[in-house]
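Note that full-length UniProt numbering has the sequence shown beginning at 1, numbered continuously upward.
Hints in this document: simulated from the structure, not taken from any laboratory.
Just so it is clear, CB atoms sit at the ideal spot from N, CA and C, and this is done for glycine as well.
Some hints could be false.
Unchecked claim - Computed beta-carbon distance windows for the label pairs:
| no. | residue 1 | residue 2 | range |
| --- | --- | --- | --- |
| 1 | 108 | 2 | 39 to 47 angstroms |
| 2 | 127 | 66 | 18 to 26 angstroms |
| 3 | 52 | 135 | 30 to 38 angstroms |
Said to hold, decoys possible - Cut-off 25 angstroms, straight-line C-alpha distance, at most; resulting in silico cross-link-like pairs (DSS-like, lysine-lysine):
| no. | residue 1 | residue 2 |
| --- | --- | --- |
| 4 | 100 | 152 |
| 5 | 55 | 100 |
| 6 | 74 | 20 |
| 7 | 5 | 15 |
| 8 | 100 | 111 |
| 9 | 153 | 74 |
| 10 | 55 | 74 |
| 11 | 152 | 75 |
| 12 | 111 | 20 |
| 13 | 15 | 148 |
| 14 | 74 | 152 |
| 15 | 74 | 111 |
| 16 | 111 | 150 |
| 17 | 100 | 20 |
| 18 | 148 | 100 |
| 19 | 55 | 15 |
| 20 | 55 | 20 |
| 21 | 55 | 111 |
| 22 | 111 | 148 |
| 23 | 74 | 5 |
| 24 | 153 | 15 |
| 25 | 15 | 152 |
| 26 | 111 | 152 |
| 27 | 100 | 74 |
| 28 | 20 | 148 |
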Amino acid sequence: MEIEKDFINLLTLHKALIYKVCFMYTSNQEDLNDLYQEVVVNLWCSYPGFRNESKLSTWIYRVALNTCISDLRKKKALDYVPLSMELGVYDDCLRYESLKEMYRLIRQLDKYERMFVLLWLDENSYEEIAAITGSNRNTVAVRLHRIKEKLKKMSNQ
């Protein structure tokens, strides 16, 4: 019973993080809910094996990203969506249009590039991104630099 309470608390605390990752990889509400449930099931199945060798949020990111990427592989179709569900809350039209354009460009990146951008936009350090993605810090720095350059080129076209 204690493990169930702990898991429910984990979901309550990290629900937004899980939805944010899922939202990055799906295009509609129904698929989002299905993907969220799939992540929750995968978290539940692997929760007893979590050894506290990393931060809980790092482990959740890893499980959520792996689940979403596996789902993409199954579907063999890339559905592009904004990173943030809160896009509609910006009152400033200019800022909103600018954000919309940025997200449009990000949606054109491949699934792994989007993963790095999502983690970076979520203000994770290079070390945290490395831990989540299974990369080393230098690889993260190089990948993010290349992705930023790619986005700049795309925005100038």
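- Given the hint that residue 111 pairs with residue 152, does the C-alpha gap stay at or below 25 angstroms? holds, 18 angstroms
- Are residue 152 and residue 75 close enough, with their CA atoms no more than 25 angstroms apart? Roughly 30 angstroms separates the two Cα atoms, so the pair is violated.
- Message: With the threshold set at 25 angstroms, check whether the alpha-carbon distance from residue 111 to residue 20 stays at or below it.
- Response: holds, 14 angstroms
- Message: Run the distance test for residue 55 versus residue 100: straight-line Cα separation, threshold 25 angstroms.
- Response: violated, 32 angstroms
- Regarding the pair residue 111 and residue 150, is the alpha-carbon distance no greater than 25 angstroms? Holds - the C-alpha atoms of residue 150 and residue 111 are around 14 angstroms apart, at most 25 angstroms.
- Message: Against the 25 angstroms threshold, does the CA-CA distance of residue 148 and residue 100 hold or violate the hint?
- Response: holds, 17 angstroms
- Message: The hint says 39 to 47 angstroms between residue 108 and residue 2; measuring C-beta to C-beta, is that right?
- Response: At 46 angstroms between Cβs, range holds.
- Query: Quick one, are residue 55 and residue 15 close enough, alpha carbons at most 25 angstroms?
  - Reply: holds, 16 angstroms
- Message: Does residue 20 sit within 25 angstroms of residue 100, going by the straight-line distance between their CA atoms?
- Response: Holds, at roughly 16 angstroms.
- For the pair supplied as a hint, residue 15 and residue 148, is the alpha-carbon distance within the 25 angstroms limit? With Cα atoms ~28 angstroms apart, residue 15 and residue 148 exceed 25 angstroms; violated.
- Message: Can you tell me whether the CB distance of residue 127 to residue 66 sits inside 18 to 26 angstroms?
- Response: At 20 angstroms between Cβs, range holds.
- Task: For the pair supplied as a hint, residue 153 and residue 15, confirm whether the alpha-carbon distance does not exceed 25 angstroms.
- Result: violated, 34 angstroms
This entry does not satisfy hints 3, 5, 9, 10, 11, 13, 14, 23, 24, 25, 27, going by the numbered hints stated previously.
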